[in-house]
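Take the sequence shown: its position 21, counting from 1, is numbered 21 in this note's numbering, and each next residue is one higher.
By construction, these hints were calculated from the structure, which means they are not laboratory data. It is possible that some hints are incorrect.
[Said to hold, decoys possible] Below, computed lysine to aspartate or glutamate pairings styled on EDC-like, alpha-carbon distance capped at 16 Å:
1. 116 <-> 99
2. 83 <-> 33
3. 129 <-> 155
4. 129 <-> 99
5. 132 <-> 99
6. 83 <-> 38
7. 25 <-> 38
8. 27 <-> 47
9. 25 <-> 47
10. 26 <-> 47
11. 67 <-> 47
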Amino acid sequence: MEDSEIIRNLIQDSAKINLEDHYKKKKVLLKEDQTSSEVQILNVPEDSLVIRVDAFQAPKSIFNNIKGVCKRADFVLISFTDKTIIYIEMKKSTGKWSEVLDQLKGAECFIYYCQKIGIAYWENEDFLKQYKHRFVVIGGTNLAKEKTRVTKSQEEHDTPSRALKINNPNNLQYKSLI
């Protein structure tokens, strides 16, 4: 069974965000309910899946919240074409970097948990194994829209501590996130 089929069967529809048509391509509108923050990502690959990770209830009944282990980022965008998993945390204003790191790490743990389920229950040893991981922090999501500023270092943004930082997003291009 394909990775996309396994994860689409695993995740409830209420935690999925639908892609929308946009000039013969796809886009996704990411919204945070509590803060009225939103950002639009254009030219998303058609086969992508967007998961609202914070729909997954924090495991506080099992874990002590030491080191931020009960936190998670807002969204995960999985492109099966590009074999890329993008962890996205949205902030309406600047927050503590340590909390943002905890949220990105928590979303990564969520995906690893999904991966283990796919391996164990679907008996697919390669489930989500060949994927690149990218971490993105989007700030200023409820401010008046200005020119989007992407702070990209020379390093890949393949760990939470090296996350790509984007301020005052207007319309983001999917390719700029990978």
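Cross-check of the supplied hints:
Distance hint between residue 116 and residue 99 is unfulfilled; the C-alpha atoms sit about 26 Å from each other, more than 16 Å. Taken as a hint, the residue 83 and residue 33 pair is broken in the structure, with Cα atoms around 29 Å apart against an allowance of 16 Å. For the given pair, residue 129 sits about 22 Å from residue 155 by alpha-carbon distance, which is inconsistent with the 16 Å threshold. Proximity of residue 129 to residue 99 is assessed by CA-CA distance (about 27 Å); at most 16 Å being required, the pair is judged violated.
This hinted pair does not check out: residue 132 and residue 99 have alpha carbons roughly 23 Å apart, beyond 16 Å. The suggested pairing of residue 83 with residue 38 is violated, with an alpha-carbon distance near 25 Å, which exceeds 16 Å. With a C-alpha separation of about 20 Å, the suggested pairing of residue 25 with residue 38 is violated against the 16 Å cut-off. For the proposed pair residue 27 and residue 47, the alpha carbon gap of about 11 Å is at most 16 Å, so the pair holds.
Under the criterion of a C-alpha separation no larger than 16 Å, the hint pairing residue 25 with residue 47 is consistent with the structure, at around 11 Å. Between the alpha carbons of residue 26 and residue 47 the distance comes to roughly 9 Å, so the proposed pair stays at or under 16 Å and holds. Only pairs whose Cα atoms come within 16 Å are accepted, and residue 67 paired with residue 47 is rejected, the gap being roughly 35 Å.
The earlier numbered hints that this structure contradicts are 1, 2, 3, 4, 5, 6, 7, 11.
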